[in-house]
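Q: One letter stands for each residue in the lines below.
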Amino acid sequence: GESVGLHLPTLSVQEGDNSIINCAYSNSASDYFIWYKQESGKGPQFIIDIRSNMDKRQGQRVTVLLNKTVKHLSLQIAATQPGDSAVYFCAETYTPAAGNKLTFGGGTRVLVKP
Amino acid sequence: NAGVTQTPKFRVLKTGQSMTLLCAQDMNHEYMYWYRQDPGMGLRLIHYSVGEGTTAKGEVPDGYNVSRLKKQNFLLGLESAAPSQTSVYFCASSYYTGAGNQPQHFGDGTRLSIL
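Taken in sequence, the protein lines are chains X and D. Going by our numbering, the first sequence wraps up at 115, each residue one higher than the last. Going by our numbering, the second sequence wraps up at 1303, each residue one higher than the last.
Just to be clear, a hint being listed does not mean it is correct.
[Stated by the list, open to error] Only part of the chain X face toward chain D is listed, based on derived beta-carbon distances under 10 Å:
hint: 1; residue: Leu9
hint: 2; residue: Ser13
hint: 3; residue: Ala30
hint: 4; residue: Asp85
hint: 5; residue: Asn101
hint: 6; residue: Gly106
hint: 7; residue: Gly108
hint: 8; residue: Arg110
For the record, the hints were derived by calculation from the structure and aren't laboratory data. Fair warning: this is a prediction, and the values are worked out from it, not measured in the lab. We treat Cβ as the ideally placed atom computed from N, Cα and C, and that holds for glycine.
Go ahead and model the full structure; you've got the sequences and the hints to work with.
A: Structure follows, in structure tokens:
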């Protein structure tokens, strides 16, 4: 992910629509990727992860897609709800990174319109 | 399970004062981390620990010290607070397994203002 300065990119989505949040990563050696959700005043919350031996993984209403060729990660949220409004971060690491240290993207703000 | 608990939640300090932020986790995780989060800067790693009695520097360690005397606790110290250390501080922890990386789990943060 890339830092975008003081202004987070924002995705506005209608309640009930699907959301797609994108993340570009830079380290071709990265083999583990995580999506986090951060609500206002709270810490990042784990949503879903994916390892480099997979290109798709599904959870409850969420799907993560990994394209290693172009170093791109996306998070799809189905039937977006007001509770999905938050900032979403991608994070990456590689094996064996000392201490499993993560590199975080700059984040995308999702606003759900009723 | 409380997960990762940080104390205090809020604090205001004067320049030059010292303080310690406490992080406690009840998940028996080996690894623990301290981050700071500033507007537009994302999460930056200050220090981390891969086990009791061990610590290592992260991306922005200057002005901070840490200690991990017990597996479940990770302390972050500011010896002489500076306005540049005004930030939201997050603690995280994760398992270590030989099967591969594991996600980090975060506390809800300490909001620190240095005047």
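Q: A separate judgement is required for each hint: does it hold in the structure or not?
A: Hint by hint, here is what the structure shows:
Hint on Leu9(X) holds. Least Cβ distance to chain D is approximately 8 Å, under the 10 Å limit. Given the 10 Å rule on beta carbons, the hint for Ser13(X) is violated: about 20 Å separates it from the nearest Cβ of chain D. Residue-level restraint check for Ala30(X) is violated (minimum Cβ-Cβ distance to chain D is 13 Å; threshold 10 Å). Violation of the interface hint for Asp85(X) is found here, the shortest Cβ-Cβ separation to chain D being roughly 18 Å, above the 10 Å cut-off.
Annotation: interface hint on Asn101(X) holds; nearest CB of chain D at approximately 5 Å, less than 10 Å. For Gly106(X), the interface hint holds, the least distance from its beta-carbon to any beta-carbon of chain D being 7 Å, beneath 10 Å. Taking 10 Å as the C-beta contact cut-off toward chain D, the hint placing Gly108(X) at the interface holds, the least distance being around 6 Å. Given hint, Arg110(X) at the interface with chain D, is violated; its Cβ is 12 Å from that chain's nearest Cβ, farther than 10 Å.
Violated hints for the displayed structure, listed by number in ascending order: 2, 3, 4, 8.
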